[in-house]
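Residue strings, one per chain:
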Amino acid sequence: MSTVTWITARGLFGRRRFLLLLPLPLVLLGLAVLCRSLGVDPGEWGPPVLVGLGLAVVLPVVALIIGTGVLGAEIDDGTVVHILTKPLPRWQIVLPKLAVAAGVTAVTVAVPLYVAGVLADSVRLGLALAVAAALGALAYSALFLALSLVTRRPVLLGLVYVLIWEGLLGNFVSGTKVLSIQQYVIALADRIAPTGLLETSVSVPVASVMTALVSVGFTVLAIDRLRSFSVAGETS
Amino acid sequence: MSTLSLTGVSRWYGNVVAVNDISMALGPGVTGLLGPNGAGKTTLLHMMAGFLAPSRGTVTLDDDPTWRNPDVYRRLGLVSEREAVQGFLTAYEFVLASAKLHRLPDPAAAARRAIDLVELESAQDRRIGTYSKGMRQRARVAAALVHDPQVLLLDEPFNGMDPRQRLHMMQLLHTLGDAGRTILFSSHILEEVEQVSGTVQVMVAGRLAASGDFRTIRRLMTNRPHVFAVRSTDDRALAVALIAEPSVSGVELDPTGLTVRAGDYGAFTRALPRIALNKGIRVRQLVPSDESLESVFSYLVEA
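For the protein sequence lines, the chains are B and Y, in the order given. Everything in the first sequence is counted per my numbering, starting at 1 for the first residue and increasing by one. Everything in the second sequence is counted per my numbering, starting at 1 for the first residue and increasing by one.
Hints listed in this document are in silico derivations from the structure and should not be mistaken for laboratory results. The model shown is predicted, which means the values in this text are computed figures rather than measured ones. Check before you lean on any hint, since a few could be wrong.
[Said to hold, decoys possible] Have a look at the derived ranges for each label pair, beta carbon to beta carbon:
{"hint": "1", "chain 1": "Y", "residue 1": "Gly87", "chain 2": "B", "residue 2": "Val220", "range": "26 to 36 Å"}
{"hint": "2", "chain 1": "Y", "residue 1": "Asn37", "chain 2": "B", "residue 2": "Leu20", "range": "34 to 44 Å"}
{"hint": "3", "chain 1": "B", "residue 1": "Val220", "chain 2": "Y", "residue 2": "Ala179", "range": "40 to 50 Å"}
{"hint": "4", "chain 1": "Y", "residue 1": "Asp71", "chain 2": "B", "residue 2": "Leu168", "range": "45 to 55 Å"}
{"hint": "5", "chain 1": "Y", "residue 1": "Gly38", "chain 2": "B", "residue 2": "Gly78", "range": "16 to 26 Å"}
{"hint": "6", "chain 1": "Y", "residue 1": "Ser55", "chain 2": "B", "residue 2": "Leu20", "range": "34 to 44 Å"}
{"hint": "7", "chain 1": "Y", "residue 1": "Val227", "chain 2": "B", "residue 2": "Pro89", "range": "55 to 65 Å"}
{"hint": "8", "chain 1": "B", "residue 1": "Asp76", "chain 2": "Y", "residue 2": "Asp71", "range": "23 to 33 Å"}
{"hint": "9", "chain 1": "B", "residue 1": "Ser174", "chain 2": "Y", "residue 2": "Gly8", "range": "52 to 62 Å"}
{"hint": "10", "chain 1": "Y", "residue 1": "Ala179", "chain 2": "B", "residue 2": "Pro89", "range": "25 to 35 Å"}
{"hint": "11", "chain 1": "B", "residue 1": "Leu168", "chain 2": "Y", "residue 2": "Thr7", "range": "51 to 61 Å"}
Virtual Cβ for every residue (Gly too), placed ideally from N, Cα, C.
Excised from the complex, chain Y in its bound form (with noise of 0.2 Å):
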C-alpha cells in the first residue's frame, strides 16, 4: 500500500500559476481528479509523476520524492494523456520492453498478463501503428501495468475510448482499486468520475475547490437554484402553474419565454411534464441555462 501526498505544491510558469497551493494525500483506492479543461490537472498529474518540479511544495510518494528520482517508478505507473506510442512495435513487442526495461523477473509473463488485463490478446501481434485510439490507450495501460504497480496515474484515461472500452476501464480501474492499489486519473466529464470513484479531488483554475467522497459533493451541486429557459405554446399559464409548484423558487416572463429558477432539479424536471399535460400546454424548449461543467465548477468555488 502506497501513498501520494502532495504538501503545499504550487507550479508556475513565468506569471501564469497553472498549480497554486495544493496539498493531498491519495491513499489506496480509486480517485477521481476532477476539473475544467485548463484547470492544472495534467501539470499536477506530471508533479505526482516526477516530470515536472514543484515551483513550491513537495510532492512525495511514502516519503520519497518523485522529481529526479527514477527509482519511484518501481511503486508508480503514468498513463500520460499524449497518446505518444512506438507505432513501429506490435503491442506484446511494446509492453515486453516495457517489463524488460523495468527488470522484471519473467518479462513474458508479465507482458501476457498485463496485456490480458486490458484485454488486447487478440491484436497483441499488430503493430501499434493500425489501432485505433482506445486500442492504442489500453496497450500503454498494459505496459504502466505491466510491473504491477502500487500507485497508477492515468490522465483523460477514457479520451476516445467507446461506451464499451471506456466500460471496461472502469471495471479494470475498480478492480485495482479494489485490490489496494492507490488509482487516480484526471477527467473534465462528472459522469466518468462519478462512475469511477468514490473520492474526488475537483482543480479549479489550478487551486483544489473541493475534494472528499462524490455524492456529497454531487448533493452541494445539485442542491443550488437551477434555472432553465423554458418556451411553450401558453408561456403567461405555465408561469401561473409553475409559481404553485414547490420545487419552483422563481419565475420571470419576457418576450422569448420564461426563465424558471428551480431549487430541486430532479422534482423540477418531473413536474413540468405533469403540469403541462394537464393544462394543455405544449412545451417547445426546455434548456438548462447553466448546466455547463463550467457553471457547475464556479458554482462549487464560490460555495
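So here's chain B without its partners, still in its complex pose (with noise of 0.2 Å):
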C-alpha cells in the first residue's frame, strides 16, 4: 500500500465524519428486508427502493461523503501541504485517493445492493447492481474529488448535482439524463441482469463510454488543479 493511500485511509476512517456513512446502508438493507419479510411484490418496492433509495440517494450520497473527504478535508484543514512538499508528481497522490474513494463508496454501497437485488429478484440482479455501483463509485468519486479541487464547496456544488441535476431536472427535461451518473448505472445494471425492475433511459453504449469519460476527465482535471494548487495564507 502506498503511503498517500494509507495516510488517505487512515484520515478517512480517523474522522467522525466517516459514522455519516453507515445509517444510509442500513436504511436500504432494513427496507429490502422488511419488504421482503412482510411479503411484498417485488414489483412494487423493487424500483423505489433500489433505484430510488440505493441509487439515486445511497451511491451519490455516501461518494460525495468520501469523495470530498479524501483530498477536500486535508485542504480544509491544511494537512494536505504535507503531502504537496514532497516531491511526488501529482497523479501519484490524485490516483491514489481515488482509489480509496472509489474503493471505500464502492464496497459501502455494493454489499447492500446486492443483499437487495437478491431480495428483490436474485443473485444476478444482485451481482448487477453491485458492479454498476462500483462503476458509478468511480465515476462519482472521480466527479467529488475533482470538485474539492476547483471550488471552497464541494460538498455543496455535489449535493445540488445530486439532488437538482439528477434527482429533480432528471424526471423533468429528458436530456439532462445524459449528463447524469445515476442513469448509466441504472443501464449498465439493467444490460447485466434485464429484469422488469430497473427503467433505462440512456442506451448502454452511452453509459459506458461517459461513465469511462467522466472517471478519466474527472481525474485529469483533478491532476492539473493539484499542479497548481495555491496555498492562501492566513493574513493575506
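Taking the hints as your guide, dock the two standalone chains into a single complex.
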C-alpha cells in the first residue's frame, strides 16, 4: 500500500465524518429485508428501494461524503501541505486518493445493493447492481474529488448536482439524463441483469462511454488542478 | 549549496498588492524575514515554496522554477505557519510517512534522525493530537527536515514555543545554517531575528524595506530620535536637568508631563535614573511612545 493511500485511509476512518456513511446503507438493507419478510411484491418495492433509494440517494451521497473527504478535508484543515511538499508527480497523489474513495464507496454501497437485489429478484440482479454501483462509485468519486479542487464548497456543489440535476431536473427535462451518472448506473445494471425492475433512459453504449469519460476526465482535471494548487496565507 | 532567487516578484489579489516587486537571493546561512503582520511575509514564503504563482517575476531554486515543479521538494523543506498536522498519527508515523513520500533509501533511520534533531524522542509514540503547540511545531520541523533539504523555509517558527523550546529551535537553525543550508524564517518579532540570524530581509506593506546585515539595520533603527513620555514628581525641574544632558535633543513640557526626544536610546535610559536621583525627583512613568515595531518599520521605510 502506498503511503498516500495509507494516510488517506487513516484520515478517512479517523474522522467522525466516517460514521455518516453507516445509516444510509443500513436503511436500504433494512427496507429490503422488511419488504421481503412482509411478502410485498418485488415489482412494487423494487424500483423505489433499489433505484429511488439505493442508486439515486445512497450511492451518490456516500460517494459525496467520501469523495470530498479524501482530499477536501485535508485542504480544509491544511494538512494537504505535508503531501504536497513532497517530490511526487501529482498523479501519484490523486490516483491513490481516488482509489481509496472509489473503493470505500463501492464496498459501502455495493454490499447492501447486492443483498437488496438478491431479495428483490435474483443473485444475478444483486451482482448486476453491485458491479454497476462500483462503476458508478468510480465516476462519482472522480467528479467529487475534482470538485474539492475547483471549489471551496465541494459538498454544496455536489449536493446540487445529485439532488437538483440528477434528482429533480432528470424527472422533467429528459435531456439532462445524458449527463447523469445515476442513469449510467441504471443502464449498466439493467444490461447485466435484464429485469422489469429497472427503467433505463440512456443506451448502454452511451452509459459505458460516458462513465469512462467522466471518470477519466475529472481525474485528469483533478491532477491538473493539484499541480497549480495555491495555498492562501491566513493573513493575506 | 543551493540558492533561492527572487527576481521582480509581485503578487496581487484583485486590487490588493500583497507583495510588490521583490528581488533577493538567499544563499547558505540563516536569513530572517522580518516584518509586521500583514506585510506579505507568508505570501512571499508561499511563492518561494511553490505554493503560489507570482503574478509577475520569477522564483527559482538553482535556476529551477518552484511553481508547478514538485521536484524542487527534494531540495526544499517548508514549515508553514498553520499548525495543521494529522492528529491521529504519532510523531514517528508522521515523520516516517514524510520519509517514505520522499522515497528515502532508509526511511526509518531518516525519521529517527529527524526526530532526534528536534528532541522529540520521548514523545514520538504519542498521537500528535495530544501534543502541545510547541511539540507539534517540532514534529512539523522534523517532517520538513527528514530528507535533509538544502533549503528550509519556516513561517513564524517560534510561535507558541516556550523559551526553552525557542532556544533549542534557534540553536537548531544556527547549526543547519553553519552546515551550509539555506535557512529562511519569518517573524514579526525583532528580537527573535536578532538572536538567530545575521542577515535580515525587512518587509513592510509588501515591499522589501531593508536588507542586509542585522547590526547595520539595527543601528539605523536605534540611531534615530526616540520619543519618551515621562511623568515625575517635579516635571519642570526634571525638564531643566534633562535638557542639559547630551543625549537629549528636546524636551516639551505640558500639563500631562514631559515629552522627551533622545538622540541616543541607550545613553538616555542610563542618564535618566542618575539625574532623577541627583535631583531628588521621583519618576512615576517612563513610556517609550513610539516603540511599536510598526513605528520602527515606518521609520525604516522613510529613512
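Going down the list of hints, with the structure as the test:
| no. | hint | verdict |
| --- | --- | --- |
| 1 | Gly87/Y - Val220/B: 26 to 36 Å | holds, 32 Å |
| 2 | Asn37/Y - Leu20/B: 34 to 44 Å | holds, 38 Å |
| 3 | Val220/B - Ala179/Y: 40 to 50 Å | holds, 42 Å |
| 4 | Asp71/Y - Leu168/B: 45 to 55 Å | holds, 47 Å |
| 5 | Gly38/Y - Gly78/B: 16 to 26 Å | holds, 19 Å |
| 6 | Ser55/Y - Leu20/B: 34 to 44 Å | holds, 40 Å |
| 7 | Val227/Y - Pro89/B: 55 to 65 Å | holds, 57 Å |
| 8 | Asp76/B - Asp71/Y: 23 to 33 Å | holds, 27 Å |
| 9 | Ser174/B - Gly8/Y: 52 to 62 Å | holds, 56 Å |
| 10 | Ala179/Y - Pro89/B: 25 to 35 Å | holds, 30 Å |
| 11 | Leu168/B - Thr7/Y: 51 to 61 Å | holds, 53 Å |
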